[in-house]
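Asks: Given next are the chains, with one letter for each unit.
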Amino acid sequence: MGPVNETRISQFRKGVVELAILALLDGGELYGVEIVDTLGTDPALAISAGTVYPLLSRLKKGGLIDSVWRESPVGPPRKYYKLTKRGETELETMAAEWSGVVESIQRLLEARKS
Amino acid sequence: MSETGLSPQARALIEEYLTQVRDALRGTDLPRSEILVDLRTHIEEAATGSDGSPDAVRAIIEDLGPAEQYRETVEETAEGTAQTARRVLGVPYDFTLPSTAKFAARWWNPADPHIFVPRMFGVGWTVNFGAVAVRLGMMRPDDEDAMPFGNVPDRALVLAMVIPTLIAAAGAIAAAVAWHGLPAEVPTHWGISGAPDQWGPKASALGFLLLMGVGPVLLGWLQGFRKGTSKAVRAFWAAGTATFSVLGSGLIGLTIYGAKNPAPPGWWSLVIIVGALVLTFVMLLLMSRLGLRAEWRQTSEPREDKGEAR
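Chains as they are written, first to last, in our numbering: chain C, 431 to 544; chain X, 166 to 475.
Only chain X is shown next, with the shape it has when bound in the complex (with noise of 0.2 Å):
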């Protein structure tokens, strides 16, 4: 791209916000190099087009909005797939932090076909929900915009905290009535087989499976009733919550178990695990269905005569 016509106050304002655009993306995953060499073929070539004073490049730039800005249109776009995380040997690996345009994209997002995403955060997979339920026809690929959950009645996302919040209170009430008939040292790992392999004291053993299916609902509850969460951040809360509920309070049921009994079937984690997704999953699946249904009584019209020419 030739940049005769530029004058360098010109060239001067391109440079500065290249450099803000730079310090924008920094800490993003995004690929930084490509994105300015982008921005800057964009800017000269719409340049080109004008007289090439500052102000007509100010008003390029004025359009693309300010750097921060810009950062976030090249974020949602490229959040727009799945598949945004990088990889090693073949295995992706995400360490931007958790947002809700990434739990849409990766946790919940049936126009992605691909049942098995990168992480949220951290190396490997997670499941797309989302996908599973497009698989199952349970839903279409499209029926879901790009943010999701956006009209879910007030009703069912209290509702979907109450299920993982019972959950784990029933967890929390067993540990409690167990406690006293419990020895010291309590089993803290099963093996393949079903048997523990490892021992612990029950104070830490225990007290661990509590935060773990407690401490997520409790956060839900004071994130539900921040002002200004909306209803995506709130159902992906429940959701995530009744992960931890079921995994939590499986865990404490095994514990219980396996301190009084030598060895509990070896299906039994593989049973709790298992639960944990489908109930997540369920979750997920109703919260979006009533979400379409109200969407549909609000805004349903009639079809369209359409006629023949097509």
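The following block holds chain C by itself, in its conformation from the complex (with noise of 0.2 Å):
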């Protein structure tokens, strides 16, 4: 795969983390390296820590999530993330978008092979 393949998957999973952190932190709270953890175990998803880290960052500056330190049986206190009231909307949003984004790649791409 040439660099600038990569470059371009790069670039469009990364759209995708930000809709993957919300969607994984609907669940429940959960704190950095148990994200970081869960989406960096799914080979199709691949994302690493230098990506999930900023992007919390962004998520919760921008109100989406927002962080509580909660203390730890080893160590210091962990940062535990959750989705805020306007993150849950804003979860249901991109879901539907994103639901029909696939469904219409989907169809153009089973064009293609008939």
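Bear in mind the hints are in silico, worked out from the structure with no lab data behind them.
Please note that the accuracy of each hint is not assured.
To be verified - In silico DSSO-like links for lysine-lysine, alpha-carbon gap of 30 Å or less:
(1) Lys490(C) / Lys392(X)
(2) Lys512(C) / Lys490(C)
(3) Lys392(X) / Lys491(C)
(4) Lys491(C) / Lys515(C)
(5) Lys490(C) / Lys396(X)
(6) Lys490(C) / Lys515(C)
(7) Lys491(C) / Lys396(X)
(8) Lys512(C) / Lys396(X)
(9) Lys512(C) / Lys491(C)
Please read these numbers as outputs of a predicted model, since none were measured by experiment.
Could you use the hints to bring the two separately framed chains together as a complex?
Replies: Right under this line is the structure:
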């Protein structure tokens, strides 16, 4: 795979990471390492810590997620993230949009084969 | 995007707002035309969902806020990542004025894994000490919020300014004590071997180094005493003056030594530069840790019983 291809793929992955994080947090509070581990072990997503952390910071700044320090049984307190009300609404909207996009793209790709 | 359904007045409102945003973005390093295209699309899309009247458009624009505020939002989003500088032949350059947000995004940004990031002002790179701390296992990437140092105790911030002050003062005292014993011409530049290869009058040579060490310290204190200066700004001033105080005083020492001895070892200047970087790093790290401790004491909550369902 050429470098151009790789950039292109990482570009469109980056766009969906935001949605992935919001969807993940819809299931409840998680701390940074848990988010990175869950998203990183999915080979299709292959999202690194270097992508997740700046994005968490941006989502928090945008008011879609919030964080709280919680004591940890090992080591210092951990920063747990959760969706805000605005984040929940945003997730609903984005999820609907996403389904529409997936359907359309799928249709186009299938039409190409036949 | 079709513009059907938008009245001429509504369209005029959009144009007016876009012009204001365009003016607000002037002088920033942001991709202006891209932002404006996105903004136009956004407003028009939002307007197609409404009756397309001027009032509806006005409401959409009010939601976005005044042009200045919109610029700030865009800037903050862009500064969330350090790699916003433009590049020429792969080398980054940035001639926008340094801001606290830029310091937070480049100099102490644990969330960004890049250790070398575009310089705050000028051409080339600077060190993201936050990434170094994470790499060394001394911090976690999300220990800091977008704006760091918010909870550093005041005493720590004062102490952080005292350290560079003492270092700069030591350089000044050394210069004063050595003054009469120094020849009229002192070394001003050293080659790789450590031997001086340029000489200059001692008044200007030492004067320049004093300015370099003491100047930032004085400015740092002035800034710290100004009302409404944020903790982040004070922390960055303290760490920045630490760099300059070590460089200034270190080079004064090297000048005095070099005036009397033929060739100080070549690694001297390297030691001074590394020393300046290390002190800056240690100060940023300590301030950050102290701030986190305070934050944990104030806000840490017990572990939530998270149950199975997830």
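Asks: Indicate, hint by hint, whether the structure satisfies it.
Replies: Hint check results:
For the proposed pair lysine 490(C) and lysine 392(X), the alpha carbon gap of about 28 Å is at most 30 Å, so the pair holds. For the proposed pair lysine 512(C) and lysine 490(C), the alpha carbon gap of about 10 Å is at most 30 Å, so the pair holds. A hinted pair counts as satisfied when its Cα atoms are at most 30 Å apart, and lysine 392(X) with lysine 491(C) qualifies at roughly 26 Å. Taking the CA atoms of lysine 491(C) and lysine 515(C), the gap is about 14 Å. The hint holds against a cut of 30 Å.
Only pairs whose Cα atoms come within 30 Å are accepted, and lysine 490(C) paired with lysine 396(X) is accepted, the gap being roughly 20 Å. The hinted pair formed by lysine 490(C) and lysine 515(C) meets the criterion: a straight-line CA distance of about 12 Å does not exceed 30 Å. Under the criterion of a C-alpha separation no larger than 30 Å, the hint pairing lysine 491(C) with lysine 396(X) is consistent with the structure, at around 19 Å. Proximity of lysine 512(C) to lysine 396(X) is assessed by CA-CA distance (about 27 Å); at most 30 Å being required, the pair is judged to hold.
For the suggested pair lysine 512(C) and lysine 491(C), the alpha carbons sit about 13 Å apart, so the restraint of at most 30 Å is met.
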